[in-house]
Amino acid sequence: MRCQVPPVFRSWLPSLGAVLTGVLVATPVNYAGLYPLTWVAFVPFLLILRGKSLRAAYGLGLLCGLSLFLVGTSWMVEFLQRLKDYSFGPALAGSVLFWLLSAHLTALLAVTYRLLQRWLGDYSLWLFPILLMLFFGWFPVLFPLQLGESQSAFLPAIQGVAWTGVYGLDFMIGLSNALVAAAWQQRSGRSPALESRTSALVGVLGVVMLAVWLGYGWWALSRWDQQVAGWPEFTAGLVQSNETPSAAVPPPEPGFARAWPPEMEISHRLADEGAQVILWPETRYKGYFERDYVRLAYGRNVADLGVPLVFHDAEQQGEGADFREHNTAVLLGSGGQLEERYRKHRLVAFGETLPLSGEFPWLMRWVKRYLGEFFADLTPGEERTHFPVAGVNLVPAICYESAFPGHIARSVAETPSSPILVILSNNGWFGDSRMPWQHAGATVLRAVENRVSLVHVINNGPSMVVSPSGRVLAQTPFRKRTGMLVPVPYTPPGEGFASWFTKWPEWFPVTGLAFLLLALAVARFRRNPL
Numbered sequence: 001m002r003c004q005v006p007p008v009f010r011s012w013l014p015s016l017g018a019v020l021t022g023v024l025v026a027t028p029v030n031y032a033g034l035y036p037l038t039w040v041a042f043v044p045f046l047l048i049l050r051g052k053s054l055r056a057a058y059g060l061g062l063l064c065g066l067s068l069f070l071v072g073t074s075w076m077v078e079f080l081q082r083l084k085d086y087s088f089g090p091a092l093a094g095s096v097l098f099w100l101l102s103a104h105l106t107a108l109l110a111v112t113y114r115l116l117q118r119w120l121g122d123y124s125l126w127l128f129p130i131l132l133m134l135f136f137g138w139f140p141v142l143f144p145l146q147l148g149e150s151q152s153a154f155l156p157a158i159q160g161v162a163w164t165g166v167y168g169l170d171f172m173i174g175l176s177n178a179l180v181a182a183a184w185q186q187r188s189g190r191s192p193a194l195e196s197r198t199s200a201l202v203g204v205l206g207v208v209m210l211a212v213w214l215g216y217g218w219w220a221l222s223r224w225d226q227q228v229a230g231w232p233e234f235t236a237g238l239v240q241s242n243e244t245p246s247a248a249v250p251p252p253e254p255g256f257a258r259a260w261p262p263e264m265e266i267s268h269r270l271a272d273e274g275a276q277v278i279l280w281p282e283t284r285y286k287g288y289f290e291r292d293y294v295r296l297a298y299g300r301n302v303a304d305l306g307v308p309l310v311f312h313d314a315e316q317q318g319e320g321a322d323f324r325e326h327n328t329a330v331l332l333g334s335g336g337q338l339e340e341r342y343r344k345h346r347l348v349a350f351g352e353t354l355p356l357s358g359e360f361p362w363l364m365r366w367v368k369r370y371l372g373e374f375f376a377d378l379t380p381g382e383e384r385t386h387f388p389v390a391g392v393n394l395v396p397a398i399c400y401e402s403a404f405p406g407h408i409a410r411s412v413a414e415t416p417s418s419p420i421l422v423i424l425s426n427n428g429w430f431g432d433s434r435m436p437w438q439h440a441g442a443t444v445l446r447a448v449e450n451r452v453s454l455v456h457v458i459n460n461g462p463s464m465v466v467s468p469s470g471r472v473l474a475q476t477p478f479r480k481r482t483g484m485l486v487p488v489p490y491t492p493p494g495e496g497f498a499s500w501f502t503k504w505p506e507w508f509p510v511t512g513l514a515f516l517l518l519a520l521a522v523a524r525f526r527r528n529p530l
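Under the numbering used here, the first residue of the sequence shown carries the number 1, and numbering increases by one thereafter.
Please keep in mind that the hints were generated in silico from the structure rather than gathered at the bench. It is possible that some hints are incorrect.
Label pairs and their in silico Cβ distance ranges [unchecked claim]:
{"id": "1", "residue 1": "324", "residue 2": "214", "range": "43 to 53 Å"}
{"id": "2", "residue 1": "485", "residue 2": "323", "range": "33 to 43 Å"}
{"id": "3", "residue 1": "316", "residue 2": "474", "range": "18 to 28 Å"}
{"id": "4", "residue 1": "139", "residue 2": "89", "range": "23 to 33 Å"}
{"id": "5", "residue 1": "274", "residue 2": "223", "range": "28 to 38 Å"}
{"id": "6", "residue 1": "249", "residue 2": "216", "range": "18 to 28 Å"}
{"id": "7", "residue 1": "383", "residue 2": "249", "range": "24 to 34 Å"}
Here are the simulated lysine-lysine pairs, DSS-like style, with alpha carbons at most 30 Å apart [what the hints assert, rightly or not]:
{"id": "8", "residue 1": "286", "residue 2": "503"}
{"id": "9", "residue 1": "84", "residue 2": "480"}
{"id": "10", "residue 1": "286", "residue 2": "480"}
Nothing here was measured: the structure is a model prediction, and the numbers come from that model. Every residue, glycine too, gets a C-beta built ideally from N, C-alpha and C.
Whole structure, please, built from the sequences with the hints as guidance.
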């Protein structure tokens, strides 16, 4: 006997399904060990959209997106309070605006999927994986929640990203959801098209694709673990300062000075223990570029260490109309001299730069009038560079840049040999939330995509070292000032290996878009032949 849902509840089922999908997608983003949820999270979403008007689809998609970003980025209020020194009210208002805008990712995904259903009927279900990949990969969101980046604990599933980037993993997640939704609809008998021979063949092909993806993942994981075990290693000293961030430039901590920050004290211990390079995280302000005595003191201290130092600081150039400020990573050689610098390319909108300010100068004047020192108008860097240290080439990236797979891949591709990704981050802005764990987990995929070791130094932790297979080799505790000495494997000099994704980072989503457009063209031709 089939269970009958009371009418009073039946009208709420679509809304509950939309909320359920959002929560299921967001939960593994916060807790990577719950990664299986992502592979079925969109099943309610697909079922509730069937037969809905475009207006209803938009509303359900918006509800799904709100639940997704409310759960996945619940730290936004605290972030704005710390970053901009807002009181609770303005921070909440800014967060609500962010959540509403971000929720349009799934709102427009729902509308697009319903349009496909109108054109293709239930066959559109088999194009849903492409839509999912394109929207989660390309939709402009201030803080992206990439589906595949919630899978950092599912090592066999992430191995294929060395070929496709995270886009391929997003596609496979969409395919899994489509297969489960198709099976559900077939069982209910509501979708005759899904019972056709064509749909059966597509379903079998989908199952085979998933099996091949995961089967390759098990094989590649074992192969890369064995290969990395034979690689040479260099010893990195990671400094986790656990500095409390503030909107204004903070004074030195008691017992320390600009010329002698807490990181320098930890660095001396790591150098004595055998570090070949010292890595500091991104922090609010050091004064290296702005104050001569700080620059001279750093030079003397690093010369005493006898070990190269990589750190982050705000860099100012020019005066008046020519004034520029950069978010910069710096390499000091073992003698204390400035050897190289990397200026951040990808800036955080509304935090480090104001979109459209170049086209509308009055907008910048208005923002500075009301926000003053709490708004940073940084200039993006233009040149990619690497830091040669101890026989390897460190590929620097600063915090938010790690969210852009293509940017990271192009930086690795321009490195001559033995690249190691080094990401300097300051996640202290997010307090005790899950965001630092989200960020750390997401960067695991950057290591696998490019098949290089990765060192992620986070101000408040957890800092980590990741192998090219995605295994976490070492990790610091969260919210603790500490230093860690870690042997980091690297590609032997002369091998010159580069993953497929490193060479062609956009090939998979572009191919997916072309296939989608081709399918639509074929469907239109069949409806209206010449």
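Taking the hints in turn, this is what the structure says about them:
1. 324 x 214: 43 to 53 Å: The hint (43 to 53 Å, Cβ to Cβ) holds, given that residue 324 and residue 214 are roughly 48 Å apart.
2. 485 x 323: 33 to 43 Å: Given about 40 Å between the Cβ atoms, the range holds.
3. 316 x 474: 18 to 28 Å: violated, 35 Å
4. 139 x 89: 23 to 33 Å: holds, 29 Å
5. 274 x 223: 28 to 38 Å: holds, 31 Å
6. 249 x 216: 18 to 28 Å: Since residue 249 and residue 216 have Cβ atoms about 50 Å apart, the given range 18 to 28 Å is violated.
7. 383 x 249: 24 to 34 Å: holds, 27 Å
8. 286 x 503: violated, 36 Å
9. 84 x 480: Answer holds: residue 84 to residue 480 is near 24 Å, not above 30 Å.
10. 286 x 480: holds, 20 Å
Of the numbered hints stated above, those contradicted by the structure are hints 3, 6 and 8, listed in ascending order.
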